[in-house]
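There are 2 protein chains.
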Amino acid sequence: MAFAFPGISKLAVAVSTALALLATTPVQAKDPTVNIKVAGMFGSNFKPIGAHVNDMVANVRAATDDTVKMRFFEPGALVPVMGIFDAVSSGSVDAGFVGIGLYINKEPGLALYNAAPFTPELSQFLAWIYYGGGQQVLDEVLEKHNMKAVFCGLLAPEAGGWFNKEVNSLDDFKGLKMRIGGLGANVLEKIGVSTQALGGGDVFPALERGVIDAAEFSNPGMDESMGFDQAAKYYYFPGWQNPVSPEWLIINKAVYNKLTDKQKKAIDVACGNAVARSIAEGEVLSMQAVERLRAKGVDIRQWKPEVVQQLKDLWVEEANRLASTDPNFKKIWESQQNFRQQHDKLMQLQKLP
Amino acid sequence: MAFAFPGISKLAVAVSTALALLATTPVQAKDPTVNIKVAGMFGSNFKPIGAHVNDMVANVRAATDDTVKMRFFEPGALVPVMGIFDAVSSGSVDAGFVGIGLYINKEPGLALYNAAPFTPELSQFLAWIYYGGGQQVLDEVLEKHNMKAVFCGLLAPEAGGWFNKEVNSLDDFKGLKMRIGGLGANVLEKIGVSTQALGGGDVFPALERGVIDAAEFSNPGMDESMGFDQAAKYYYFPGWQNPVSPEWLIINKAVYNKLTDKQKKAIDVACGNAVARSIAEGEVLSMQAVERLRAKGVDIRQWKPEVVQQLKDLWVEEANRLASTDPNFKKIWESQQNFRQQHDKLMQLQKLP
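Note that the protein sequences, when read in sequence, are chains A and B.
For the first sequence, our numbering begins at 567 and goes up steadily by one.
For the second sequence, our numbering begins at 567 and goes up steadily by one.
In short, the hints are calculated from the structure, not lab data.
The reader is advised that the hints may include incorrect statements.
Intra- or inter-copy, both count: the list cannot distinguish identical chains.
Claimed, not checked - Quick list of in silico lysine-lysine cross-link-like pairs, DSSO-like style, CA-CA up to 30 Å:
no., residue 1, residue 2
1, K911, K731
2, K917, K740
3, K743, K917
4, K911, K613
5, K878, K831
6, K819, K878
7, K613, K710
8, K897, K911
9, K917, K710
10, K862, K911
11, K917, K799
12, K911, K799
13, K896, K596
14, K731, K917
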């Protein structure tokens, strides 16, 4: 490790002097009050993100001397969850806190910011968004949708899903009826899985009655709370279909433009803080859930690396197909893949046993 | 992926009503003004952390309506870097922004919070600090040192170091004279390396003149700026001696106790934000530096996994020895290792090819 010991520079003295002056100048005029109602996709009791959203809202209010009157609304209270994107776009709702990948019917490439198979791993994703062009491309894509999206937290990585038979090869997937949402379903369809994106409450009964043979749903904490261990024998990892789950605060552009730079900065800071802490809590909740499930006797399995690699190859094929049909998907996919190819070299070098 | 669609609950209505009332109540009395001079260990132009520290300071001031008058001072301006810990402890300086592992002569276990070999990987470290007991243990250990430490950013992972001959096995380390700081030096001493913790400016000339055969210094961006490629042929990875480098805002306890909960929260939030963004920028800077060094013809090498595993085994042996000689090191080491053993199981399950 190195420590730097530069002496105090002239610039530093100048900066310190300027700061000292700043500290004695009178308090500036208050920023204008802006109301921001936030339509939630996740309930405020949804772990771990619910508490982080509440905290983010409180931090924005505190940091802006309550001039940004942000208020969170439970899912469905302002607008149905499926309608949040349109409502924020039109301005009928000020803002939403969403897994932006739910709206791939509006903009297919949004999946790559939230819930796609084989996303970049965590630090690579943070690097791409904050300093690798990811946010810029998103800003461009959302221009026509009339909204700004701020990266504002993560859900824990998902598990691979619940199965009632062993799945040791791609062939073993063939013929399965499986609940799976998002673009992971496109991948499994290619290998003969009949997929259905059943809603939350419908998954357990379908799995228990054998209407479906398998179900991918969410991360271990959420899966545990759904009681899937009572309906399926094997719990598979890794969650290739959604390994990193960034969540976004989307704000109508006209509302966002009313904010001063200081108010915008307060939102960025509160969201950056939510990112760091939700990563941490998600890991702990998943770790504890897996331990409890193991203790209950769930047969926890891991796909062989070659099976996961085959799924990855199929995903890249599918993503390239999507890129060929949608210019914005292409733009996002290329930005993410280009960054990844560079950064993977560093990750490979830094890999520890 | 899953999406939750709970209806609005009675609790949610109650919370919304309470928030609405809150929004109309008059603004509370202003918090008392607290001056916090922060002694820097890294200059404000030190990438990537310098800019994040400046940003953190500005965010704390903005979020507290300038009642927390935090000011950053360049290294040496308030107190020599080696004296920051003592100065904050005694209260002669309010606060410091430090790699807390520099002060292992005061408290050996602090290395495990900043600059130890084979630290937990990034998300595991975040989880341990924020939700796995790491912060609590640190609070206990720092009690007698009369300070509070807030996790407030990270430097990029370090590289393994510069060598003038190939190092293919532990035997190849034997007899080397090497610049290496921190506890990594203890590990290399075990296998016959003669280590020296030369200061920044002394490393290049020593390496160039052959006074030393090898030098570990910092992350690729910093190493590049020191010009080591002009003095050594091989650049080795991974940086086993310091894979995660968390940085800390340490605040004298009496100063910290003057802060209201709102002011403390503003510091936590600004620091959480610095954590998320400095991770991201560190990755990008390292990636770019490695690419430039490669383009300049530096021979970039990677130790075989078995060599790194042997170093890891030696480190665990050394850490256990340190734990047997120092109760606080033991307490921290056990907390970190226990968390790691649990969380490693999840990481193994979630591993992607």
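Cross-check of the supplied hints:
1. For a Cα distance limit of 30 Å, the shortest separation of K911 from K731 across copies, 23 Å, qualifies, whereas the shortest one inside one copy, 37 Å, does not.
2. Within a single copy, K917 and K740 get their C-alpha atoms only as close as 35 Å, which misses the 30 Å cut-off; across copies the closest is 24 Å, which meets it.
3. When the C-alpha separation of K743 and K917 is checked against a cutoff of 30 Å, the pair qualifies only between copies, where the shortest distance is 26 Å, while the shortest distance within a copy is 38 Å.
4. For the homomeric pair K911 and K613, the shortest alpha-carbon distance between copies (21 Å) is at most 30 Å, but the shortest distance inside one copy (34 Å) is not.
5. For a Cα distance limit of 30 Å, the shortest separation of K878 from K831 qualifies neither inside one copy, at 38 Å, nor across copies, at 42 Å.
6. For the identical chains of this complex, K819 and K878 are neighbours neither inside a copy (36 Å) nor across copies (51 Å), given an alpha-carbon limit of 30 Å.
7. Within a single copy, K613 and K710 get their C-alpha atoms no closer than 33 Å, and across copies no closer than 36 Å, so neither meets the 30 Å cut-off.
8. Proximity of K897 to K911 under the C-alpha cut-off of 30 Å is restricted to the intra-copy arrangement: shortest distance 22 Å within a copy versus 37 Å between copies.
9. Taking the closest pair of Cα atoms, K917 and K710 never come within 30 Å of each other, the shortest separation being 41 Å inside a single copy and 37 Å across copies.
10. Taking the shortest alpha-carbon separations for K862 and K911, only the inter-copy value of 16 Å comes in at or below 30 Å, while the best intra-copy value is 41 Å.
11. Taking CA atoms no more than 30 Å apart as the test, K917 paired with K799 passes between copies only; the shortest distance there is 22 Å, against 34 Å inside one copy.
12. In this homomeric assembly, K911 and K799 come within 30 Å of each other (Cα to Cα) only across copies, at 20 Å, whereas the closest approach inside a single copy is 39 Å.
13. Proximity of K896 and K596 under a CA criterion of 30 Å is satisfied in neither setting, with 43 Å inside one chain copy and 51 Å between copies.
14. Proximity of K731 to K917 under the C-alpha cut-off of 30 Å is restricted to the inter-copy arrangement: shortest distance 22 Å between copies versus 34 Å within a copy.
Hint violations for this structure: numbers 5, 6, 7, 9, 13, all remaining hints satisfied.
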